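A.B. asks: Letter by letter, the chains look like this.
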Amino acid sequence: MAATMKLSTLGYAASMLSTGLLDEQFQKLLLLQDGSDPNFVVEIITLFCEDGERTIGELTKQLDKRCVNFDEVADFVHKLEGSSATVGAQRVKNACIQFLEFCKEKSRDGCLKTLDTLRVVFYDVSGKFKAMLQLEQQQAEATK
Amino acid sequence: MDRRRIRVLLVEDEEIHRVVARVVLRAAGVEVEEAENGAEAVRHVRERVTGGGGAYDLILTDKQMPVMDGLEATRQIRAMGVVTPIVAVSSDSLPSDVQAFIAAGANDFAPKPLTKEKLGHILAKFGLA
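In order, the protein sequence lines correspond to chains G and C. First residue of the first sequence: 21, per the working numbering; consecutive thereafter. First residue of the second sequence: 750, per the working numbering; consecutive thereafter.
Check the hints yourself; a few may be wrong.
Unchecked claim - Partial selection, computed: residues in chain G whose CB lies under 8 Å from chain C:
#1 45
#2 47
#3 95
#4 102
#5 106
If you are wondering where the hints come from, they were derived from the structure by calculation, not from laboratory data. None of the values given here were measured: they were computed from a predicted structure. We treat Cβ as the ideally placed atom computed from N, Cα and C, and that holds for glycine.
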């Protein structure tokens, strides 16, 4: 696999940047990738998608409880906020920031509403990330 | 004369942040050791102090971690008499979070994620560039 992403994959990433789905942090990650760590961006994206899915599952469970532990909910949201900031998933990060406000207010309704928003923005960006990785994989196989 | 590589202890429980920080640190030419929580970090530091392996040049630590958080790890490292610069790298970046870390004995704070620019600033600040 080439040390850098193919031009078409970079084009895909560029469209995610231009629509505000990703911010300049993702560009910084792309620039960090070099020959000594050719799978760095793939690894980061994969970790973000897997961790994010697990976190959203946990949040759903936590908010379904009769007695919600808002500190525990906030811990999960905080983790997703951190990983979304790391990968440049701007809208996911912003949804997490809003979520944390409702956790502070101990508002189950606010948290549930924001969880819906979080689900939408997370699956939007993770779906596009997965499509990008698939494109990269297909291009790598085509050039073998 | 060969210049010894800077030795950094990275204290971070989440893999995604360790992967990014590792790449940023290695790109800067530093030697990285990792701890997944504050208790491991304290153990690593103690081993260097008692084992004569030479102190770390820099410790980068997250705040929220299982077993022992970054604040407690910072307090315990300082209680050993270790003066290595400790920089908190955390998403918790309210003034109260920063003040808590400084009160625990940290030297500085950088909001996540760690980037080349932030690391460059940290290394320059502590004369490690």
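A.B. asks: Once the shortest beta carbon distance from residue 45 of chain G to chain C is found, is it less than 8 Å?
C.D. replies: OK, holds: residue 45 of chain G within 8 Å of chain C, min 7 Å.
A.B. asks: Report holds or violated for the interface hint on residue 106 of chain G, using the least CB-CB distance to chain C and a cut-off of 8 Å.
C.D. replies: holds, 4 Å
A.B. asks: Does the CB of residue 47 of chain G sit less than 8 Å away from some CB of chain C?
C.D. replies: For residue 47 of chain G, the interface hint is violated, since the closest Cβ of chain C sits about 11 Å away, which is over 8 Å.
A.B. asks: Checking hints one by one. Is residue 95 of chain G an interface residue toward chain C, by the C-beta closer than 8 Å rule?
C.D. replies: Holds, about 7 Å.
A.B. asks: Do the numbers back the hint for residue 102 of chain G, that is, is its least Cβ distance to chain C under 8 Å?
C.D. replies: This hint holds: residue 102 of chain G lies near chain C, its Cβ roughly 4 Å from the closest one there, short of 8 Å.
Checked against the numbered hints given earlier, this structure breaks only hint 2.
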